[in-house]
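Visitor: Each chain is listed here by its residues.
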Amino acid sequence: MTVNSIEVKNFSKKYGDFLAVDNISFTVEEGTIFAFLGPNGAGKSTTITTLCTIQEKTSGELRINGNDVTSQKSLVRKDIGIVFQDSTLDGKLTVEENLKLHCDFYRVPKTEVNGRIGFVLDLVDLSDWKKAMVGGLSGGMKRRAEIARGLVHFPKVLFLDEPTTGLDPQTRANVWEYIHTLQKQKNITIFLTTHYMDEAEICGTVAIIDHGKIVAFDTPYNLKKKHTSTTMKIHSAAPEALAGYLDARSMKYRRENALFTVLSTETKAMLEIVSLFKDAISDIEIAKGTLNDVFITITGKEIRQ
Amino acid sequence: MRAINAIVMRNLIKLSRDGMRLFFTVFMAVIFLFIFSFIMKSSIAGLDHPMNYLISGIIIMTVFQTALNNSMGILEDISSGFMKEVLVAPISRWQIAIGQMLSSAIVAVLQGAIIIVIGLFLGLRVDAAHFILMLGLMALVGLTFSSMGLYLAALSKESTAFQLLVTIIAMPLTFLSGAYIPTIVMPRILLPVVFLNPLTYATSAFRYVALHMEGMSSAALVKAGVAFNIHGFVIMPALGAVLILAIGVVFIILCVNQFTNADLSQVKTFRHHGPH
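Line by line, the protein sequences are chains A and D. When the count follows the working numbering, it moves up by one through the first sequence with no breaks and lands on 305 for the last residue. When the count follows the working numbering, it moves up by one through the second sequence with no breaks and lands on 276 for the last residue.
If you're looking for bench data, these hints aren't it; they were derived computationally from the structure. All the pointers check out, no bait thrown in.
Taking lysine-lysine pairs in the DSSO-like style, the calculated list, with each CA pair at most 27 Å apart, reads:
no. : chain 1 : residue 1 : chain 2 : residue 2
1   : A       : Lys57     : D       : Lys157
2   : A       : Lys92     : D       : Lys157
3   : A       : Lys14     : D       : Lys157
4   : D       : Lys14     : A       : Lys110
5   : A       : Lys73     : A       : Lys156
Just chain D, with the same shape it has in the complex (with noise of 0.2 Å):
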């Protein structure tokens, strides 16, 4: 326990000091914002909280892209060398992956929550209940998201092979979630895509919360594109939350798993430089 959280509190410590990348999250968070509320005018028109469901849609996208890019970490740690004195320190690999896991999660939900508080002058609308749940949402979609970024990290072993990975995984995934371009929109042919995709019912489960859709109906859930019918099967909402988890704890495992096989000392060990 104590490894763990000396592997958070470093990270979330190195991250206070990184003015540079603090400013740049929230400004790129703000930027999307007022990007996406000008060009989905027209597609959140009839809703009755637009700026709710746009948010939303945001959030989740921002705790994903953070949650996934904060993975990048570790790559820093093995090329600086540091993860060499995590090696050999008498600490288990799996604390290592679950420290790491949480440090990128935390931050990931830190992040969205700072968009909610600049959501609500921009007219979200959230009351204690609803945050509460929300910031719940978020924490879930962090760590599947960090454990399936860390488990690509610790697949590609360098920067440029996991930034690669990241783009072809995260863009599809983005733009095939509802996030952005509402689910009930797309083309008949991409559905299974987006039944398929993680983030849909992330993006839909959030937006449950957000838009407060408690007391609908499942047809008018399915309607609103929070809730998916796949041949005559509905996946509402809270089943949504429950596959994520599941998927979630696939990565979990399969990070863990990579980081306990992987020989990640390899990656330096080689790597002499000096005067010879």
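So here's chain A without its partners, still in its complex pose (with noise of 0.2 Å):
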């Protein structure tokens, strides 16, 4: 049976008369990665914030673990942990006092303060600098530390505010490792908002929202079959037999003297190409739409980077 960890029913926010939120409802499965896109502005920020209770709804039902973000708010955050856009640590603790006092916030039992301590540092390497003062780290690691002490005290739900936004790629694919360990070790469920479209590639399910609406909710698998094509570009030895064979299907081409780049939706018409000119193609590439071109297609805008 699955289990949903977040479960958001006709959510709706309003500053002023300016409609943030309009409507939207989606579930989250527990134990799974799920990412919120979105341009700047569409809602993102509201939906996190009002789920990490530290916004009022102006409607709807929003619950986490089946508790409700209005009502049963202590509940709720001491379920979820968040890792913030923006550094929410303190600069003049050091990386463990930062840790303990979160531990003191979160009842974590005083016995396994040390042990949790110890065993959060070394999921994202910071063992060594566990007596630090966070205001000296790199931005690279105080972004550990904070995603290190959004999991000391074992939440089931982890938000992740664009979690790698202004890292270097190296520190990027570092944090996305931990986040990997961390949901197959403690089987969390991870909602995050990112710009990269390469790290949502690798979500279980992706939502766009756009205007307030969630306009796309699927598998990334899904939304590129649904709203990509696949390019297919072919080095023919027989361009003529070729372009006949495409004219005669009414398939989408581009053509430059031998160079055929063919976009379709359909992988079994690609195969049957393949299958029917092999012998007269001498290259071949093949690229699947990305995720990039699915919310440029929804959104009608690039995602700032």
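Assemble the dimeric complex from its two separately framed chains, guided by the hints.
Guide: Right, dumping it as structure tokens:
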């Protein structure tokens, strides 16, 4: 049986007359990674801050592990871990002190505090920096410390609001490795917003929000299948025969002498071309559409980077 | 309890690392002691324990100022983002408020105690029993004014507005409290303000203890500016202490209420920065 960690039903949020989130509903299954994408001002932050209990909804129902985010704030807060976009660590305390403080706030049993701090710092490779002042750490280390802190009370749902923004590619890759390790080890549900489409690719489910409405909700694979076409580039030794074949089937293609670029959403049609003309093909390149293409198709905007 | 304790410890650890701030608080107190002992030589000339009279005013002022100013801490926490971490934690808002209040009160009392120690070298005379009483009064004043400070901070939400508010409030309270200028030499027209000023009672109660005035009659106390005769109703130092306590309770309630209802996350929520 699948359990839903996050349930959002008919959620709306108004700021004065401005409708920031317009009647959205979705669920996130336990133990999955869920990516929430959208252009700036689409309602991402509003949704995440409402789910995290720091902002009140206008209407609708939001639940985390079955607990209502409005009427059962304390229960919700105990179950969630949050890594905000901006650092919320205390720069004038050491990494360890920040984590200890967090353990006190979340009532981590006192006998477990040191063990857990050791465990999460190991996970993000910061064990050697336990006694370092947070203010003196690099951006990537701060982010890792922040992720460690978000995990030290063993949350059931982890919210990551652009966890890798501003990090170099190496650190980004590391942060992702930690997220995956964690998800496997603790079976936690991860809700993330990101601007990097390649990060969204590895999520179980992707939701795209635009103008306060969810405009797409599916697995990355299905989204790409639905909203993008596959591009196949063929260098053909028999260009006329291929052109005839494509014209007869009125398929979309571009031709530069012997180089054909065929666009199609039908994988089968592509395979047929390959099998029919395999003797004449001297070079081939097949590219699936990316989530970025999906995003542009749906929202009409390039995601900001 | 654990959360309150954690907040208090965190604030104290931070202060203990802030060497500059520690140095300046003590330094300022010493400067005050010297400057005022010169300025007020004439007005305290006739008193039995001039140093006790003077130092008690300075101590109570230091406790008051420190308690009020330490509330700035929560504004720093809001702008640094740390407040968000506290707000999403499964702790109640009143625990946050009490924790902040307690830590500024503790710091205020510690600072007052430091001045008492310095005062000992300058001729202040206290025995153990009086010292404990003084600590108690400082704690009372510290708590009352840190809750007031926290209330103002939660109300103003940004440091410039808060500082302005503190200056506007602290200046008249300070000078119309009798801490530096004895109330008995003040013009009659100012007396209503003096009587409404909570600091007046803080100063007088503290002086009553510091100057060992336990044996004096109420008339003598009024004459010394430690008790106040308001149209025949005499406010004795003990009643003054109760008044401070009452004001403290009012501000603690206001403050907890402000903390529970104010959306302290807003300050940061919409301040995005980054490469876009």
